[in-house]
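The sequence shown begins at 1 in our numbering and counts up by one.
Treat the hints loosely; a few may be bogus.
[Unchecked claim] Distance windows between CB atoms, simulated:
no.	residue 1	residue 2	range
1	7	137	23 to 33 Å
2	141	33	50 to 60 Å
3	92	151	30 to 40 Å
4	152	37	18 to 28 Å
5	9	89	40 to 50 Å
6	39	96	17 to 27 Å
7	32	8	18 to 28 Å
8	12	35	20 to 30 Å
9	19	71	35 to 45 Å
10	117	45	34 to 44 Å
11	128	18	36 to 46 Å
12	37	8	13 to 23 Å
13	107	70	16 to 26 Å
14	12	94	39 to 49 Å
I should point out that these hints are in silico values taken from the structure, not numbers from a laboratory. Please read these numbers as outputs of a predicted model, since none were measured by experiment. We treat Cβ as the ideally placed atom computed from N, Cα and C, and that holds for glycine.
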Amino acid sequence: MTAHDAPHPFLQALHALRERRLRAEVRLTEVPAPARIAPYAVALSAEVDPERSGDELASGRFVLLHDPAGQEAWDGTFRVVTLTRATLEAELAADPLLCEAAWSWVTDALVGTPYHSLGGTVTRVVSQSFGALDDRPDQVEVEIRASWTPDDDAGSHLQAWSTLLCTAAGLPPLPDGVTALSRHH
1 MTAHDAPHPF LQALHALRER RLRAEVRLTE VPAPARIAPY AVALSAEVDP ERSGDELASG
61 RFVLLHDPAG QEAWDGTFRV VTLTRATLEA ELAADPLLCE AAWSWVTDAL VGTPYHSLGG
121 TVTRVVSQSF GALDDRPDQV EVEIRASWTP DDDAGSHLQA WSTLLCTAAG LPPLPDGVTA
181 LSRHH
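Let the hints inform the model, and build the full structure from the sequences given.
If you want it as structure tokens, here you go:
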């Protein structure tokens, strides 16, 4: 199957993803999409600002699925499936509201982007070193898996996920009315 064989709505979605401008800190790469979930899919991998700090602050994956026949669980013909991982400050490990706060990053990022059927999970991972490694600080990671059915162009949903990724990385939000000038490739 070639891109020319894809239905028009999926081609429009691909165009919207290509044209979306994201923050300069977000580096996107197209990766192989899952083949068995939907007849048409595109997957993007991203990382936030690995050069500024020397460490990867946040990374993840954005997948757009399309089934022209629709899928009952999606309540539509498109589905966005995302994964976001971030390393957080060690003192957040004991915060009982960490998972709730991380889920609010998802819902906050989607404000103004029409969607429905949102669902997901937040996982907290605390790594503590022992023995020869006990001088390493504890490490806290959060993993956010979320999916939703988009009600408008795919580009706005990529933008919302990019906002989630930057929030998880601890980057301050762009002020209202400010648009990122760099273009992803």
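Can you tell me whether the CB distance of residue 37 to residue 8 sits inside 13 to 23 Å?
holds (21 Å)
Range first: 34 to 44 Å. Now tell me if the beta carbons of residue 117 and residue 45 are that far apart.
With a Cβ separation near 24 Å, residue 117 and residue 45 fall outside 34 to 44 Å, so the hint is violated.
The hint says 23 to 33 Å between residue 7 and residue 137; measuring C-beta to C-beta, is that right?
Distance hint for residue 7, residue 137 is violated at roughly 50 Å.
Can the suggested window of 16 to 26 Å be confirmed for the beta-carbon pair residue 107 and residue 70?
Holds, at about 25 Å.
Take a look at whether the Cβ-Cβ distance between residue 128 and residue 18 falls inside 36 to 46 Å.
holds (43 Å)
Confirm or reject the claim that residue 92 and residue 151 have a C-beta distance inside 30 to 40 Å.
Hint holds: Cβ distance 33 Å, inside 30 to 40 Å.
Can the suggested window of 50 to 60 Å be confirmed for the beta-carbon pair residue 141 and residue 33?
violated (25 Å)
Hint check for residue 96 and residue 39 - Cβ pair distance inside 17 to 27 Å:
Given range 17 to 27 Å: violated, Cβ gap about 43 Å.
For residue 19 and residue 71, compare the CB-CB distance with the range 35 to 45 Å and indicate the outcome.
Roughly 26 Å apart at Cβ, these two residues miss the hinted range, so it is violated.
Just tell me: holds or violated, for the beta carbon distance of residue 32 and residue 8 against 18 to 28 Å?
holds (24 Å)
For the pair residue 9 and residue 89, does the Cβ-Cβ distance stay inside 40 to 50 Å?
Given a distance of about 42 Å, which is inside 40 to 50 Å, the answer is holds.
Note whether the CB distance of residue 12 and residue 35 lies within 20 to 30 Å or breaks it.
The hinted range 20 to 30 Å holds for residue 12 and residue 35, with Cβ atoms some 22 Å apart.
Checked against the numbered hints listed earlier, the structure breaks hints 1, 2, 6, 9 and 10; every other hint is satisfied.
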